[in-house]
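Protein chains in written order, with the numbering used here: chain S, 1 to 309; chain C, 1 to 284.
Keep in mind the hints are simulated off the structure, nothing from the lab.
Computed from a predicted structure; not experimentally measured.
Every residue, glycine too, gets a C-beta built ideally from N, C-alpha and C.
Among the hints, erroneous ones may be present.
Just a sample of chain C residues kept apart from chain S, beta carbon distances all over 12 Å, derived [what the hints assert, rightly or not]:
{"no.": "1", "residue": "L2"}
{"no.": "2", "residue": "F221"}
{"no.": "3", "residue": "L252"}
Footprint (simulated), chain C over chain S, 3 or more residues, beta carbon under 8 Å [claimed, not checked]:
{"no.": "4", "segment": "147–160"}
{"no.": "5", "segment": "163–172"}
{"no.": "6", "segment": "241–251"}
{"no.": "7", "segment": "289–299"}
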Amino acid sequence: MKRISWIDIAGGIVVVAILALAPVFAASNYLTGVLTVCVIYGIWASSWDFMSGLTGRENFGHSLFIGAGAYTAGFMATIWFTNPWYSIPASIVVAVTFSLIVGFPTLRLRGPYFALAMLSASAILQRLCLIFWEYTGGEEGLYGLDPMMRSPLHYYWFVLAILVVTVIILTLLARSHWGLLLRAIRGDEATCQAAGINVTFYKIAALAISAAFAGLGGALYAHYQLQVSPPLFSVVTSITVIIMCYVGGIGSIYGAAIAAILLTLLTEMLRGFGEYRLWIYTLTLILILFFLPNGMVAPFWRRLTERFR
Amino acid sequence: MLQILIYGAVSSAIYAMLAAGFTLIFGVARILNLAHGSFYALGAYAAYVLTSVLNFPLFIAAPLAVLFVALFGVVMERFLVRPLRSSQLAVLMITLAVSLAVEQALFIIFGSEYRNVPSFVAEKLTIGGVDIGGQRLLALVMGVLVLLLLWLFIQRTRLGAAILAVSQDPEAAQYMGIPTNRIFSIVMAISAGTAALAGVLVSPFLTVQPTMGLLPMVKAFAIVIVGGLGSIPGSIIASLILGYSETIVAYLISTSWTELVSLVAVVITLMIRPSGILGRRAAF
Numbered sequence: 001m002k003r004i005s006w007i008d009i010a011g012g013i014v015v016v017a018i019l020a021l022a023p024v025f026a027a028s029n030y031l032t033g034v035l036t037v038c039v040i041y042g043i044w045a046s047s048w049d050f051m052s053g054l055t056g057r058e059n060f061g062h063s064l065f066i067g068a069g070a071y072t073a074g075f076m077a078t079i080w081f082t083n084p085w086y087s088i089p090a091s092i093v094v095a096v097t098f099s100l101i102v103g104f105p106t107l108r109l110r111g112p113y114f115a116l117a118m119l120s121a122s123a124i125l126q127r128l129c130l131i132f133w134e135y136t137g138g139e140e141g142l143y144g145l146d147p148m149m150r151s152p153l154h155y156y157w158f159v160l161a162i163l164v165v166t167v168i169i170l171t172l173l174a175r176s177h178w179g180l181l182l183r184a185i186r187g188d189e190a191t192c193q194a195a196g197i198n199v200t201f202y203k204i205a206a207l208a209i210s211a212a213f214a215g216l217g218g219a220l221y222a223h224y225q226l227q228v229s230p231p232l233f234s235v236v237t238s239i240t241v242i243i244m245c246y247v248g249g250i251g252s253i254y255g256a257a258i259a260a261i262l263l264t265l266l267t268e269m270l271r272g273f274g275e276y277r278l279w280i281y282t283l284t285l286i287l288i289l290f291f292l293p294n295g296m297v298a299p300f301w302r303r304l305t306e307r308f309r
Numbered sequence: 001m002l003q004i005l006i007y008g009a010v011s012s013a014i015y016a017m018l019a020a021g022f023t024l025i026f027g028v029a030r031i032l033n034l035a036h037g038s039f040y041a042l043g044a045y046a047a048y049v050l051t052s053v054l055n056f057p058l059f060i061a062a063p064l065a066v067l068f069v070a071l072f073g074v075v076m077e078r079f080l081v082r083p084l085r086s087s088q089l090a091v092l093m094i095t096l097a098v099s100l101a102v103e104q105a106l107f108i109i110f111g112s113e114y115r116n117v118p119s120f121v122a123e124k125l126t127i128g129g130v131d132i133g134g135q136r137l138l139a140l141v142m143g144v145l146v147l148l149l150l151w152l153f154i155q156r157t158r159l160g161a162a163i164l165a166v167s168q169d170p171e172a173a174q175y176m177g178i179p180t181n182r183i184f185s186i187v188m189a190i191s192a193g194t195a196a197l198a199g200v201l202v203s204p205f206l207t208v209q210p211t212m213g214l215l216p217m218v219k220a221f222a223i224v225i226v227g228g229l230g231s232i233p234g235s236i237i238a239s240l241i242l243g244y245s246e247t248i249v250a251y252l253i254s255t256s257w258t259e260l261v262s263l264v265a266v267v268i269t270l271m272i273r274p275s276g277i278l279g280r281r282a283a284f
C-alpha cells in the first residue's frame, strides 16, 4: 500500500491546530458552539464516506443511524437517568443493530435497493417518532439531557479529538487490505465474488462500522444540544451529509470531514438569508454537481501538494 | 367489511398511479427519480393556484396542472438529469436536489399552512350502506382508467412498442432507429403527469402542504420494491396488497401502525424474493 505522505500528515496537523485554537483566540462561546456542530457533522460525513464512498453503495438514510444514536442518548438520560458517558457505548450498539437489520436484507442485492431501503427506513422511523409521541416526545422531542462536560470549550476539544480519531481509524482501514477489497467491490462486484471474496460480509461490516461512528456522533450531538427531536431522522439530515461527502470528494474521508466543517460554517453564514437558506444551499449543490463532478476539497488538496510528493 | 373494500381500493389506486410512473421511468431510462414525490406535490399546488387563486373551473384546472408538471418533468430530465446520466450517484443527487429545491420553493411561496382545493364532486354516495365522498370515488375511477390507458398505450401503439424496446436494450433500440433520448422525454412526461394527476385528485381530501410528497414517495418506493423494479403490473399488484393491508391495519389496530406496513413488506420481500413479485431484468 502507498505510504501516507508527510505533507498529508503536516496538513492534517495544521488544520487540527487551527480548529483547536480558533475558539481560544476568538474567545466567543458562539464560535465554540458553531465549531462543535461543524466537527460533529465531520464525524457523520466521514462515517458516510467510509461505507458509501468506498463501496459505491449510496446510503440515503444515514440519518437513521444518527437519529438512533441520538435517541438512545435521549432515552438513557430521560428514562434511566444514567451517567451521560454511558450514552456513548449504548448509542454505538443501537446504531450497529439498526445497520444489521437494514443491511442484511438489502446489501445482498445489487442495484438501487440499498439506497431506497435506507431512505424509506429513515423516513418511516421519523414518522414512528411522531406517532409514538408518548414515549418519544413527538415534535418536541426529548429534553433535559446532561452535558458530558461543564465547559463548552473542553467539550469542543473532546469532540474534535473524536473526529481526529475517527478520521485516522477510517483512513487506516480504507488504506488497509480491507479498504482495497471495498474499493474492488465498487469497481466490479461480480469479479470480486468470482475471486472468492465474501462481498456481502465486507459490505455489511463496512456499513456496521459506518453506523457505529454515525451513532457515536449522534450521541455527541444529543449531549451538545441537550435535546433530541425528530428532524434528526429526516431525509434532509442524510442529504446534508451526502452533499458534504460529495463536495469533499467521494472516498477520501478527510475531504468529507473538511467539507463538512466548511459547509456547516457556510450554512451558519447564510443564516441571514432566513428561509432562502436551504434553497441557496441546494442550488449550490446543483452547481457543484455540474461543474466539479469529482468534488472540491480532496482534488484541490491533491493538486496543491502534487509537487511535494 | 365493505368499508375496507372501498377505502382500500381508493388508496391502492392512488399508490398505483404514483408507483407506475416511478417504475416506468426507472425501467426505461434507468433513472431512479427521487423527485417523484415533488411531482405529486407540485400537481396539488398547481391545482390549488389555478382554482383558488386564478379561479379557473376545475375541469380546466386539472388538465392544466397535469400538463404543467409533465413539462416540468421533461425540462428537469433534459437539462439536469441527462448531462449527468453516466453516474448513478449524480442522478440520485440531482433528483434529490430538485425535490428539496421544489419543497423549499413551495415553503417560501405558500408557507407551511395547509391549503384547500375545492372538490370536483361535492355529493356523498352511499354504496351498500357505506358513505364515501364522491371525490374519493373519482380518484379511484380515474386511477383505474389512467392505468388501463397506460397499459393499452404501451402494449398496443407504435410508440409503446418503442418504449418497450428501449427498456429492454437501449443500445439495440438506438441501432434500430428509435430516438432513445426522445423516448426518455416522453416517458418522463408520462411519469410526471401520472404523479401530478394523483396529486390533483387527492388534493381536495388530503392536506396540501410543501412536504406532502415525501411519504407517498416512500410508499411508492416500497411498492416498487415489492412489485419488482421496472414492472408496471407488479407495481399494480403491490399497490393493491399495500393499499389493502394498510386499510385493514388501520381498522383492526390503529392508524398509527399503517406506516409500518410498507417497511415490513419491503423487508419480507427483500428476504424471500428480492426481485419482487414480477421483477425481471427487462421492464415489463
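> Are all C-beta atoms of chain S more than 12 Å from that of L252(C)?
Replying inline: holds, 16 Å
> How does the coverage statement for the segment 147–160 of chain S fare against chain C, requiring three or more residues with Cβ below 8 Å from a Cβ of that chain?
Replying inline: Answer violated; 0 residues pass the 8 Å Cβ test.
> Closest CB-CB distance from L2(C) to chain S, is it above 12 Å?
Replying inline: holds, 27 Å
> Given as covered by chain C, does the segment 289–299 of chain S meet the bar of three residues or more with CB within less than 8 Å?
Replying inline: holds (count 3)
> Would you say F221(C) is clear of chain S, with no C-beta pair closer than or equal to 12 Å?
Replying inline: Given a closest Cβ separation of 5 Å, the condition is violated.
>> Please check whether the segment 163–172 of chain S has three or more residues whose CB lies within less than 8 Å of a CB on chain C.
In response: It is violated: at least three residues are needed, and the segment 163–172 of chain S offers just 0 whose Cβ sits closer than 8 Å to chain C.
> For the segment 241–251 of chain S, does the count of residues with a C-beta closer than 8 Å to a C-beta of chain C reach 3?
Replying inline: holds (count 4)
The structure shown violates the earlier hints numbered 2, 4 and 5.
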